[in-house]
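**Q** Use the sequences and the hints to build the structure in full.
Protein chains: 2
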Amino acid sequence: MKLSKILDDMYKENIDSMLVLKPENITYLSGFRSSSYSILILKDEPVLFIPKMDLDEAMKDSKIQVEELKSFDKIKESLSGNVGIENSLNVETFKRIQNDFEIINSDIIERSRSIKSENEVKNIQKAVNIAEASIKDVELVGKECEVAAEIEYNMRMNGSSKSAFDTIVASGPRSSLPHSKISRKTLEDPIMIDWGAIYNNYCSDMTRTFIKTEKQEELLDIVIQAQKRAIDVIKPGIKASYVDKVVREVFEEFGYEKSFIHSTGHGIGLEAHESPSLSKKEKTKLQKGMVITLEPGIYLKGKFGVRIEDIVLIKNKAKVLNKTQRKLRLL
Amino acid sequence: MKLSKILDDMYKENIDSMLVLKPENITYLSGFRSSSYSILILKDEPVLFIPKMDLDEAMKDSKIQVEELKSFDKIKESLSGNVGIENSLNVETFKRIQNDFEIINSDIIERSRSIKSENEVKNIQKAVNIAEASIKDVELVGKECEVAAEIEYNMRMNGSSKSAFDTIVASGPRSSLPHSKISRKTLEDPIMIDWGAIYNNYCSDMTRTFIKTEKQEELLDIVIQAQKRAIDVIKPGIKASYVDKVVREVFEEFGYEKSFIHSTGHGIGLEAHESPSLSKKEKTKLQKGMVITLEPGIYLKGKFGVRIEDIVLIKNKAKVLNKTQRKLRLL
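Those protein sequences? They're chains F and E, same order as listed.
Using the working numbering, read the first sequence as starting at -9 and increasing by one per residue.
Using the working numbering, read the second sequence as starting at -9 and increasing by one per residue.
To be clear, the hints were calculated from the coordinates, so they are not data collected in a lab.
A portion of the hints provided could be inaccurate.
[What the hints assert, rightly or not] Listed next, the in silico EDC-like pairs over lysine to aspartate or glutamate satisfying Cα-Cα at most 20 angstroms (straight line): (1) 175(E) to 51(F); (2) 42(F) to 272(E); (3) 270(E) to 63(F); (4) 271(E) to 51(F).
[To be verified] Partial list, derived from the structure: chain E residues whose beta carbon lies under 7 angstroms from chain F: (5) 47; (6) 79; (7) 146; (8) 156; (9) 168; (10) 172; (11) 175; (12) 252.
Glycine included, C-beta positions come from ideal geometry on N, C-alpha and C.
**A** Structure follows, in structure tokens:
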């Protein structure tokens, strides 16, 4: 059904066949995640080309007919007419087809992926549950990297196939860096943790900041208020950029608009970050079935930072998928 | 020095400035690994463009001058003349420059990366040591995914920033799939484990198969012999494809040539898989300073598989960086 809708969209955009290389797009349409370079040709009778060593698993798992990937010339033979390509296609491959076909860039698959089916929502919910369960008994002592190791171990044991992205554990002044790399530093306060699981190829992504001082609590309260404002305004039909705008307005009210140095959130699904972006420039309108993160933060350079991040499903209004409380204190 | 050599190579290939987006290439030249979309412009006075939220860390770590990434138009202004691009550049970005500049595809950086400095070898050796230390006390009981979780936890605790790739733990018939995905299956024999650490951004990648039956031992002995043959022939100046050839000859001798369904190995460094490939089609000759893996395997469909993988540094001959013995038995 997903596939026939995408084929319809392709033909409407005058695309006769589409060359799909992005692993998440291939997983979305075939149900199979290859461990190596694979190619999907979308057309009335789609074919998934898989290298020999993954052939057995692909034959078992793919909803689309599988053939062995032997040479790129074979791939070209199964393309015809106007050829659709992904924006992420690499130039090397592009050059191998550009003289033989009319090429049309298209984000049809990414757009379809942004609206989740019930089953996709269930997988994301499960990934959220795993992430939340995996921090409960973690003792916040020792080194930053040790806390990250323990969370990731727990996620694995709780059914996550791996971490959805590099777990962030940033404490003390390092919490003022939104995407701080893992370190062997001994924990200080506050402790910002940003982590996510993967269940059936679907990601979760959440952040909590464990606070200690009054000042930290003051900023955390503002961040919680900003996120609540976003949750309150979300409904189908509003612009994604509007959600970013109302969050910035809350920060402005308290004089922290310059301390929020990234966008408000992003779609999540087969990728931890996917369409739409909740940022100033995003043109997309929110629709029922989108699943997005809301991650407002305040970063005081050289001092500390606070951020929270939760996932919401867009129904008639926002439905928050997380259950973990937002204000967490260090003992 | 690395940088001036690459600039020399660029000018020799008539490239006046080069647009670099691949994160590993940026890390290679600047020393900084960004958490998000960043752009390096290589020219006499190179500039690294970094989004606001990673700016502080970049200013601290980058050996190349850092500026805030505000818009792609700014990037275009700092390009000039014939513009070099990476083969991996995405079409979306390519289209934004193709009408303004003469574009030349180049793998100058990848070629430079394939020859490791002493310091790079030290980092890889450390990543090898971490991986080897992290399996020592792992009990091979329970589920496949639990063994993977424990190895990854140990690598973290031993100083790895994360796993170099998805750890493979494939047992029983699943070991006949070279890149089997992680499962919750209870362990059977044999157990194939393929894992790697990352130290200072540099990867390791190794495989061991824990055997039980005589048949498993017979095949493991052949695989060890095939790898030994590769180690014996390696020296600077021979073709990478020749190493693949001699490995296949050993398998042919025992009638298993059709059961070796992937290439013999690959370069390793900032990426777990990088240039050169040790495969039939590879044109590159081995050179001093290259670091490659050797991973012969035999896969009996539906029954079981055995593989070993070790890393060698190419000096006057092959120097094996691993110390873990190759024949390991299940109790």
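**Q** Hint by hint, note whether the structure agrees.
**A** Results of checking the hints against the structure:
Of the pairs offered as hints, the one joining residue 175(E) and residue 51(F) holds, with about 17 angstroms between alpha carbons and a cut-off of 20 angstroms not exceeded. Only pairs whose Cα atoms come within 20 angstroms are accepted, and residue 42(F) paired with residue 272(E) is accepted, the gap being roughly 18 angstroms. Pair hint residue 270(E) plus residue 63(F) holds up; C-alpha atoms about 18 angstroms apart against a cutoff of 20 angstroms. For the hint pairing residue 271(E) with residue 51(F), the CA-to-CA distance comes to about 30 angstroms; that exceeds 20 angstroms, so the pair is violated.
A least Cβ separation of about 6 angstroms between residue 47(E) and chain F falls short of the 7 angstroms threshold, and the interface hint therefore holds. This hint holds: residue 79(E) has a C-beta 5 angstroms from the nearest C-beta of chain F, less than the 7 angstroms allowed. Evaluation of the residue 146(E) hint against chain F yields a held restraint, the C-beta minimum of about 3 angstroms falling below 7 angstroms. Given hint, residue 156(E) at the interface with chain F, holds; its Cβ is 6 angstroms from that chain's nearest Cβ, closer than 7 angstroms.
Here the hint on residue 168(E) is kept, as its CB sits about 4 angstroms from the closest CB of chain F, short of 7 angstroms. Interface restraint check for residue 172(E): the shortest CB-CB distance to chain F comes to about 5 angstroms, inside 7 angstroms, so the restraint holds. Given hint, residue 175(E) at the interface with chain F, is violated; its Cβ is 13 angstroms from that chain's nearest Cβ, farther than 7 angstroms. Hint status for residue 252(E) relative to chain F: holds, with the closest Cβ pair at about 5 angstroms, below 7 angstroms.
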